[in-house]
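Visitor: So the chains spell out like this:
Number of protein chains: 2
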Amino acid sequence: MPLRGLLLDLEGVLYEGGRTIAGAAKAVRALRGDGLILRFLTNTTTRSRRAIVAHLVDIGIDAVAGQVFSPAVAARTYLAAHGMGRLFLACPDALREGFADFEIVDEDPQAVILGDLYRGFDWDLLNTVFQKLAAGARLVALHKNRYTRREAEGLSLDLGPFVAALEYAAEQEAVIVGKPSPIFFEMALRDMDLRAVETVMVGDDIDADIGGARDVGIRTVQVRTGKFRARDEARTDIRPDHRIGTIRDLPVLAAGF
Amino acid sequence: MPLRGLLLDLEGVLYEGGRTIAGAAKAVRALRGDGLILRFLTNTTTRSRRAIVAHLVDIGIDAVAGQVFSPAVAARTYLAAHGMGRLFLACPDALREGFADFEIVDEDPQAVILGDLYRGFDWDLLNTVFQKLAAGARLVALHKNRYTRREAEGLSLDLGPFVAALEYAAEQEAVIVGKPSPIFFEMALRDMDLRAVETVMVGDDIDADIGGARDVGIRTVQVRTGKFRARDEARTDIRPDHRIGTIRDLPVLAAGF
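Chains as they are written, first to last, in numbering that gives the first Met the number 0: chain E, 0 to 256; chain Z, 0 to 256.
Incorrect hints may appear among the rest.
Claimed, not checked - Cβ pair distances, simulated, as ranges:
1. Z:E170 x E:L37: 49 to 57 Å
2. E:E172 x Z:G255: 42 to 50 Å
3. Z:R18 x E:R118: 23 to 31 Å
4. E:G84 x Z:A229: 54 to 62 Å
5. Z:Q171 x E:Q171: 36 to 44 Å
6. E:D123 x Z:R18: 32 to 40 Å
7. E:E106 x Z:M0: 57 to 65 Å
8. Z:A80 x E:A64: 56 to 64 Å
9. E:R118 x Z:V56: 43 to 51 Å
10. Z:R149 x E:G84: 29 to 37 Å
To be verified - Only some residues are given here: those of chain Z computed to face chain E with a beta carbon under 7 Å:
11. Y14
12. F101
13. N126
14. L154
15. Y167
FYI, nobody ran anything at the bench for these hints, they're computed from the structure. For glycine and all other residues, C-beta sits at the position ideal for the given N, C-alpha and C.
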């Protein structure tokens, strides 16, 4: 099956912290030249597509909003596919623009979109969401990460614990749309209108990128940058189809697909 | 094995809402006269032992604090049995007096006691508890009820969702000390210094009272008051050893044990 689509993780593949991976922009240009459909994948839930595009353009990579695929975009694709038009948004303001095509309501939503509200998660907000779930709304969470590091508090609660709290209260399993959920990759395929076998995922994270994509049948390439660790190569439960040094090596590899 | 101990649920067995069950005080006096060791069991996590005793005395039932067994008392018994002396309390003020024999600390606790803080559950409190769990403290929760009804909000979050959130964040299973946890009944036995086979549990709730006590091998009597429902009699998965109309019928039944 010829390669038609390419899913590129951002952090750890195209850049690392503030630094661009050498040759990243050139590699992306070469892959584009091969006529591949591209999506830039990120698990960020705090920045809008526009902000991500601005960052990419900043480091010399041409991109348009429609090519950035994030949990918020996965959520939209999922909601549209399941005919859920009335939403209650419980997510950072930066993500609200992404749901402009939906009807945003305070009462009787079909789904609640849950993003990381950080200190905004207080009893009243959680209780408000719980009551909407108890009344029949579906809980759609942008991810379910347990904890994160923040400058102010160090190790601290991420979105996941609040997803778990609401799932337990409402006796309902949330739809998790961020990596490594299969839904994330399935919705990316739907967004590109491609099948898994026509597509390759390139990532640094053995679990979130490689494991997640493999689970839906997408071919995988792990780069040895970012979150790559030498011990990833010893793991036999999750193994990418290929490993390359950096994104710079991708055009040569992709030519052989 | 002769009967030596009696576990009596309160709400639904001795009283219902504000009303005392007819003959309750007389029945308790008769059972006391038989020389049984008594414990009054309640799942309340908002009232202190003293407040519960005051209520019992009010309705004509002599009781002393040491005979009231609640999740907070179960927690104390559990902590003492497991050599955990340094505690961080995240529970209503009314319960603090119950932990007077422990060292209450802000830093480096061996266990965190979690009660329902209602609106007190905000991000900062939850994050503080999470950090203590991540540093090695055990999470001891008074119960794990999903939701409750409150005058202000109607159907609303109970303690359970916050237990679930912290368990998920810290990748740690909480010690649940309230009914129907087996720990609740095991600690009541330890408190009475009796074995399960020497003891009878009398309750109205087929799951929390009857199921919980049976799980640790305690004989059970269900009263047809309080939360008793006719459909309880059709259940074959949880079945009490005996059913009686009300607590008033207990002395006669107990004489036959």
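Visitor: Each hint: holds or not?
Guide: Okay, the hints, checked on the actual structure:
| no. | hint | verdict |
| --- | --- | --- |
| 1 | Z:E170 x E:L37: 49 to 57 Å | violated, 36 Å |
| 2 | E:E172 x Z:G255: 42 to 50 Å | holds, 48 Å |
| 3 | Z:R18 x E:R118: 23 to 31 Å | violated, 45 Å |
| 4 | E:G84 x Z:A229: 54 to 62 Å | violated, 43 Å |
| 5 | Z:Q171 x E:Q171: 36 to 44 Å | violated, 23 Å |
| 6 | E:D123 x Z:R18: 32 to 40 Å | holds, 34 Å |
| 7 | E:E106 x Z:M0: 57 to 65 Å | holds, 59 Å |
| 8 | Z:A80 x E:A64: 56 to 64 Å | holds, 60 Å |
| 9 | E:R118 x Z:V56: 43 to 51 Å | holds, 45 Å |
| 10 | Z:R149 x E:G84: 29 to 37 Å | holds, 32 Å |
| 11 | Y14 | violated, 29 Å |
| 12 | F101 | violated, 26 Å |
| 13 | N126 | holds, 5 Å |
| 14 | L154 | holds, 6 Å |
| 15 | Y167 | holds, 4 Å |
Hint compliance for this structure: hints 1, 3, 4, 5, 11, 12 are not met, and every other hint is.
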